[in-house]
Amino acid sequence: MAQFIEKARKIIKENKGLFETLEEFDRTGKLRKANYKGRYNFTIDEELMNKLRSYCLKNDMKMSAVVEGLIKDFLKKR
1 MAQFIEKARK
11 IIKENKGLFE
21 TLEEFDRTGK
31 LRKANYKGRY
41 NFTIDEELMN
51 KLRSYCLKND
61 MKMSAVVEGL
71 IKDFLKKR
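Under our numbering, the first residue of the sequence shown carries the number 1, and numbering increases by one thereafter.
It is possible that part of the hints are untrue.
With a straight-line cut-off of 25 Å between C-alpha atoms, the simulated DSS-like cross-links for lysine-lysine are [said to hold, decoys possible]: (1) Lys62 to Lys37; (2) Lys72 to Lys62; (3) Lys51 to Lys30.
Hints were generated in silico from the structure; no laboratory data involved.
Keep in mind it's a predicted model, so treat the numbers as computed, not measured.
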């Protein structure tokens with residue numbers, strides 16, 4: 001029995017976010033998204049920002065998706 005409890009505690013610790021989501025579902029009856037996006041503030045050169053905005057409008061792209069992709073590429077190289 002003690003081995004089962006230890007295993008259960010380990011699983012709960014490893015999947016804390018999942019269990020918190022299930023607790024919230026049990027409490028509210030609504031299942032929230034697994035990944036939320038946050039809003040962040042950066043200071044970026046105005047001319048560069050205008051060029052990015054124009055590029056994204058012309059190519060029907062979301063600026064946030066372009067920035068996310070560039071950040072992911074940057075972090076992969078590290």
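Going through the hints against the structure:
Pair hint Lys62 plus Lys37 holds up; C-alpha atoms about 14 Å apart against a cutoff of 25 Å. Our distance criterion of 25 Å between C-alpha atoms is met by Lys72 and Lys62, whose separation comes to about 16 Å. Between Lys51 and Lys30 the alpha-carbon distance is near 41 Å, which puts this suggested pair outside the 25 Å criterion.
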